[in-house]
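**Student:** Numbering (the UniProt record's numbering), first residue to last: 1 to 207.
It should be emphasised that the hints constitute simulated quantities derived from the structure, not laboratory data. Just so it is clear, CB atoms sit at the ideal spot from N, CA and C, and this is done for glycine as well. Where hints are given, some of them may not hold.
Cβ-Cβ distance ranges computed for the label pairs, FRET-style [claimed, not checked]: (1) Glu-163 x Ser-99: 18 to 24 Å; (2) Asn-63 x Pro-169: 48 to 54 Å; (3) Ser-136 x Glu-98: 20 to 26 Å; (4) Glu-140 x Lys-64: 39 to 45 Å.
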Amino acid sequence: MTGRARTAGKQATAGRRIKGLDASERAQQRRELILDAALDLFAREGYANASIEAICQLAYVGNKAFYEHFSTKEACYLELLQRNTHTIFAGVYATMEESSGSEADVTHRLLESFVDALAGDPRVGAVTFGQSGGISPTVERQRRANRRQAAELVRAVWSRFDEAATEAPAEHMAIAVTGGLFDLIADALDRADGALAPAHARDWSTT
Numbered sequence: 001m002t003g004r005a006r007t008a009g010k011q012a013t014a015g016r017r018i019k020g021l022d023a024s025e026r027a028q029q030r031r032e033l034i035l036d037a038a039l040d041l042f043a044r045e046g047y048a049n050a051s052i053e054a055i056c057q058l059a060y061v062g063n064k065a066f067y068e069h070f071s072t073k074e075a076c077y078l079e080l081l082q083r084n085t086h087t088i089f090a091g092v093y094a095t096m097e098e099s100s101g102s103e104a105d106v107t108h109r110l111l112e113s114f115v116d117a118l119a120g121d122p123r124v125g126a127v128t129f130g131q132s133g134g135i136s137p138t139v140e141r142q143r144r145a146n147r148r149q150a151a152e153l154v155r156a157v158w159s160r161f162d163e164a165a166t167e168a169p170a171e172h173m174a175i176a177v178t179g180g181l182f183d184l185i186a187d188a189l190d191r192a193d194g195a196l197a198p199a200h201a202r203d204w205s206t207t
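The whole structure should be built from the sequences, with the hints applied where relevant.
**Tutor:** In structure tokens, the structure reads:
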């Protein structure tokens, strides 16, 4: 086959639609299937015990498809961690925009939204808070970045009720509060075998 023929063949394959999806859409679908399978296996077996081969088998894709999207299992975990974090934060931010009332009322609703996101799918809590520690320095740096993002959300709530929340000391306090909350979540998940209940939000909002 000539070079021109091979090029034409590749273009035809790339342009072909299968089940209504073009090549890029099918690739994105495979990527999401891999992340869904990783979420399930990491939560059930633990990060260390979940192999790339097992993830691919559960996702019904070949190993080649995995490496088209992720260079390593750690890279897959990082992407999954960020997908979980984005989903959780999106819900909390939406709740914050809709909430009004006293500082205690807003805080309680935000915690409820946070707990609901984790209770709705226990795998998300297990993977995001129960297993991320100790995987690698890269994962730890991302966890720290996520905590700082959560701390900014805390400061945004505080600033509604106290202008001093925009000052530097409040940033340090917000990081400390967020770190304590994340540790409470990890401890609750450990004690409750990976499940959170609405009562946790009530307990934490009065702590």
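**Student:** Tell me, in ascending order, the numbers of any earlier hints that this structure violates.
**Tutor:** 3 and 4
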